[in-house]
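Turn these sequences into a full structure, and let the hints steer you where they fit.
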Amino acid sequence: MIQRALLDTRRAVRNALRHAALPGTAALSGTAALSGTADPSGTAEPPGGVRPGVAAPAPRPLVLVALSGGADSLALAAAVAHEAPRLGLSAGAVIVDHGLQRDAAAVAGTAADLARGLGLAPVRLVGVRVTDDGDGPEAAARAARYDALARTAEAERAAAILTAHTRDDQAEQVLLGLARGSGSRSLAGIPPARELAPGVAILRPFLAADPAITRAVTEAACAEQGLAFWRDPHNADPAYARARVRTRVLPVLERELGPGVAAALARSADLAREDAEAFDVMVEEQIEEIVEPAEAGIAVSAAALAANPAALRHRIIRRVAEAEFGIGLGREHTLAIAALVTAWRGQGPLHVPGILVTRDRGRIVFTGAPGARSGMEE
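First residue of the sequence shown: 1, per full-length UniProt numbering; consecutive thereafter.
Heads up, a few of these hints could be off.
[What the hints assert, rightly or not] Simulated DEER-style distance windows between Cβ atoms: (1) L271 / P309: 13 to 23 Å; (2) L356 / A239: 36 to 46 Å; (3) E254 / A197: 34 to 44 Å; (4) E195 / G109: 25 to 35 Å; (5) L100 / R180: 35 to 45 Å; (6) A307 / G134: 37 to 47 Å; (7) E289 / R231: 45 to 55 Å; (8) G226 / P259: 21 to 31 Å; (9) T247 / Q101: 16 to 26 Å; (10) H19 / P309: 27 to 37 Å; (11) G127 / G348: 49 to 59 Å; (12) R242 / G127: 17 to 27 Å.
Quick caveat, the hints were computed from the structure, so don't treat them as lab data. None of these values were measured; they are calculated from a predicted model. For glycine and all other residues, C-beta sits at the position ideal for the given N, C-alpha and C.
This is the structure:
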């Protein structure tokens, strides 16, 4: 019987690793690639070791799977264990114990044993302390987890961390973004790849549109390999917004609008991401032309901003604030700054969090103003 889910998860991982352009991931060819016995140095090793006078091949680049023991991450771990050596990579795993459940340590230990059973090495189990700073327990756990992943990747000199977000996760993320009203960048959902730390990529193979990997696929892949996975009770806990979307909102949409809503939302994220990436390129090109240094800050040509459509104008404003001051502007603040361009009536300086914005001699001037606040505070 064809193990379709197993093959799809492997193909997703293979595509992601190849397209990531990590060292050592050049596509292999010939019988060596089929057998998985290729020497990443490109030469056959003689019996007994390396040829005299020939330098030993460099160590294989390492990728680490973020493993929880659930079906998604376990299917990913199994696929990476199979594919990584065929692409000249070493593969290990990192298990983050959040300590949020009574049996968390046992679950983490079981996940580590499963990783070793799949042949992954090294396997690192990292405990973290989750502290909610006011953004909610989900955000706090996520921040602690990614910090642990970044620290482990740097300690192990890993080239990438792979996480097991699926197309279902992407659909949930789009709905959460819609609820926040946070714009097309948020509607683009979870990025398939990004920088986790300097020199370390984070890859999400199961977010690709082809093959489309859902939770049903990862569970089937585990079943096809005889892998017993853990079901996280937090995934059904209504205290968490994502769990409510998963167990309540999406089922209602599927029931009332027909099947395929989750897949359509994930496709919408693909389209929004393409648009956002195109806008990013256009914004960077514009900024190079219209931005200039100013005393204690940076200035942008008001005429150049006015010549752009609103979508680009607002993105340029947000990009300047983020790049120069590390400030993420909300919609109201962005529109208020844009009004200095499109509705200029001689109004005075505008205070937004951390930035003072003025119009001066045809330029919009941004200067640092720690502690500055306005009546628009979100």
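Going through the hints against the structure:
no.	hint	in the structure
1	L271 / P309: 13 to 23 Å	holds, 19 Å
2	L356 / A239: 36 to 46 Å	holds, 41 Å
3	E254 / A197: 34 to 44 Å	holds, 38 Å
4	E195 / G109: 25 to 35 Å	holds, 31 Å
5	L100 / R180: 35 to 45 Å	violated, 24 Å
6	A307 / G134: 37 to 47 Å	holds, 41 Å
7	E289 / R231: 45 to 55 Å	holds, 53 Å
8	G226 / P259: 21 to 31 Å	holds, 30 Å
9	T247 / Q101: 16 to 26 Å	holds, 18 Å
10	H19 / P309: 27 to 37 Å	holds, 32 Å
11	G127 / G348: 49 to 59 Å	holds, 53 Å
12	R242 / G127: 17 to 27 Å	holds, 23 Å
The structure fails to meet hint 5 from the earlier list, while all remaining hints are met.
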